[in-house]
Amino acid sequence: MIAETGHFALILALCLALVQGTLPLAGAARGHEAWMKLATGAALAQAAMTMIAFAALTLAYIHSDFSLRNVFENSHSLKPMLYKVTGVWGNHEGSLVLWVLILALFALAVALRGGLPLETKARVLGVLGLIAAGFLAFSLFTSNPFERLDPPPVDGRDLNPILQDPGLAFHPPFLYLGYVGLSVTFAFAVAALIEGRVDRRWAQWVRPFTLASWTFLTTGIALGSWWAYYELGWGGWWFWDPVENASFMPWLAATALLHSTIVTGKRDALKSWTILLAILAFSLSLLGTFLVRSGVLTSIHAFAVDPARGVFILAILTAAIGGALTLYAVRAPSLRPGGFFAPVSREGALVLNNLFLAAGCFTVLTGTLYPLLLDVVTGASVSVGPPYYEIVFVPLMVPLLLLVALGMMAPWKRADLAGVLSRLKLLALVSVATWGIAWWWTLQASPLPAFGIALSVWIAGSVILEYGERIRIFRCPLRQSWRRARQLPAASHAMSLAHLGVAVFVAGVTASSAWQTEIIRTMAPGDRQDIAGYTLVFEGAGMVAGPNYDAERGTFVVTADGRHITRLEPERRSYLVQATRTTEAAIHTTLFADLYVVLGDAAGEGAHVVRLYHNPLVPWIWGGALLMAAGGAIGLVRRKTGPP
Amino acid sequence: MLRPLLLPGLLLLALPGPLHGVEPDEILADPAMEARARDLGRELRCLVCQNQSIEDSDAPLARDLRVILRQRIEAGDSDEAAVDWIVERYGDYVLLKPPLRGDTAMLWGAPLVALAAGALVVAFALRRNRHAGKGDGP
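Top to bottom, those sequences are chains A and B.
Its first residue numbered -11, the first sequence is counted upward by one per residue in our numbering.
Its first residue numbered 624, the second sequence is counted upward by one per residue in our numbering.
Each hint should be verified, as a subset may be incorrect.
[Stated by the list, open to error] Computed footprint of chain B on chain A, listed as stretches where at least three residues anywhere in the stretch have a Cβ under 8 angstroms from a Cβ of chain B:
1) 312 to 318
2) 351 to 357
3) 361 to 370
4) 378 to 384
Don't read these hints as lab results, they were simulated from the structure.
Where is the CB? At the ideal position from N, CA and C, for every residue including glycine.
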């Protein structure tokens, strides 16, 4: 009964989405006020219906109702409650219900937002209604989560054990919040094209949604890579896998959009480009969904065998991207050009920021799709893996990171390059010195890792300089500086924090990839091993039972200079139902490094293969991402007073 | 390594099984040679996995390739010769960094093309902006 309620609610949501996607748009075109006003009500009702559908599916999971095919295939009565709930979106059908729920909630946020003209609101909600209709139809016609089984099985097949993990349990919702949030900026862009008007007000409407999407995407990607780091068992955290790229491309586009929206909001410039970026960012989200959901990545041929789902998403993709880009081609030329700025200015720096981010995004797109396209066109197979991206993508990011300092220092409209450079003179010297010292200190043939550290110092230094200049630190009494800091707009704190996050991230990436220590050996109980100043003693391994798995757990006692530091207990788990094995690395995290221990295969007489890693600055990778996301969240705080 | 089967289960992140890679008995006694093998192995694809290098995979085929690679290095092959030996037998598909040839020119050219096209658009827009700016006055 609960499942049927959910199913019915999902069908009603589709009907409501169709209303929301047609009448308000027609009403806005004809000036029909009653039709336009329908949008808000339809959005409210659709949100209520998708909430009911989602709640019904969640309840079925909580009660382990195996008469639902979806629950049977992805859950098990022994599974811990947390993973029963997160299992709702740990599969294709359920994740789509989460997708439409988030979409409906974002539409609700637009519907309840004051200060939007009636026509604009009707158009934005109309476009969101069309997208919702597409995805609801996709869910109902190809991926129905409420399908029944008769007779109901006694127990389920369990969720893939790899998904039974806190990092991965909350990775999809954040990613979806980011993806779907970009649908709102997309809808605003389409509405602006229909109206032929983009101005500062438009940028201010869009900014919170862009910022929120970007913050969620950053968090979601960071959670995913953190999971990969601690779960996959050798300390890697990014693999340039097509599935990762699928989330990275929208992030790059959203980052560019975030910066260009600032220019549009502050200076009424870059309008046409901002609109195009808003369209592209959501298009890349849809493309990512297509790549992952259609199975086309596994192989072109697998896609051809069961194309129903892939073709449906491809249709949504074509309609949304094709429609929006056609509208853009027709309407963009009529947008009134915006404010003037000199090439050397903050606007100029942000244009370059967008140039490098867009080129980077295009490169990732090419690398991701090229093997597929080549296979289709010529039948030749090539692999595009991490070495490719390290050669082509990293060089595009270096100038971007160097630019951060210049961009923050340059004033709007017209900057004096000599003046900007002279303010950065001392910092440049410090950075170059850091490069030299780090290179000498690490005694490495390649100067590149040291350059990464210098780059981090350069960015962090410019953030501190810029902040210091704003609050006139040491140039006026400290009390006065403090007052200035408190009066700074939230956007300013946001910028400083996010860019500081970039600096921390760059240091983490550089140090962890260049200076990792690895020891792979067989250890018998009682064996000692030194690594990076730590001494580990292997005490042996034994079996322990978990709620739905058996584990072999090794114990290592860690000391440094004779002091006891910690005990590390890595596990190898065997999940009973799916007969799958996972490794759980044991990690000792300090501010500056991770000590990372993995238990490998048994090697006879209580001995085990053991993998030990010392990963310097690796916590900074996620610390940096966290700072970036925190910056984004602070930027969302609206000022109570003062001019916009 | 059953990645293809796991893929549909997850939304947007790769789902490899636990990665293991190199086992102690494979490691060469000479650390310099082992380091070379590591660097080369990172650029060779485990053919039965999805997008994993032979260094990261515990698939039997990946292990075989690691062992072959180390044998070639111990036999005195240069880096190029050792990789060529494997490419000859397994094809270009084994290279995670595709070779530059006619049908991959666009792949390798993509970043430059994107940057150049973008720079042209920016230059053009700035020119137009400057002309527009003359009308507005600074």
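Verification of the supplied hints:
1. Requiring three or more residues with a Cβ within less than 8 angstroms of a Cβ of chain B, the coverage given for the segment 312 to 318 of chain A is violated, as only 0 such residues are present.
2. Counting residues of the segment 351 to 357 of chain A whose CB lies closer than 8 angstroms to any CB of chain B gives 3, so the stated coverage by that chain holds, three being the minimum.
3. Counting residues of the segment 361 to 370 of chain A whose beta carbon lies closer than 8 angstroms to any beta carbon of chain B gives 5, which meets the minimum of three for the stated coverage.
4. Given as covered by chain B, the segment 378 to 384 of chain A passes the check, having 5 residues with a CB less than 8 angstroms from a CB of that chain where 3 are the minimum.
Checked against the numbered hints given earlier, this structure breaks only hint 1.
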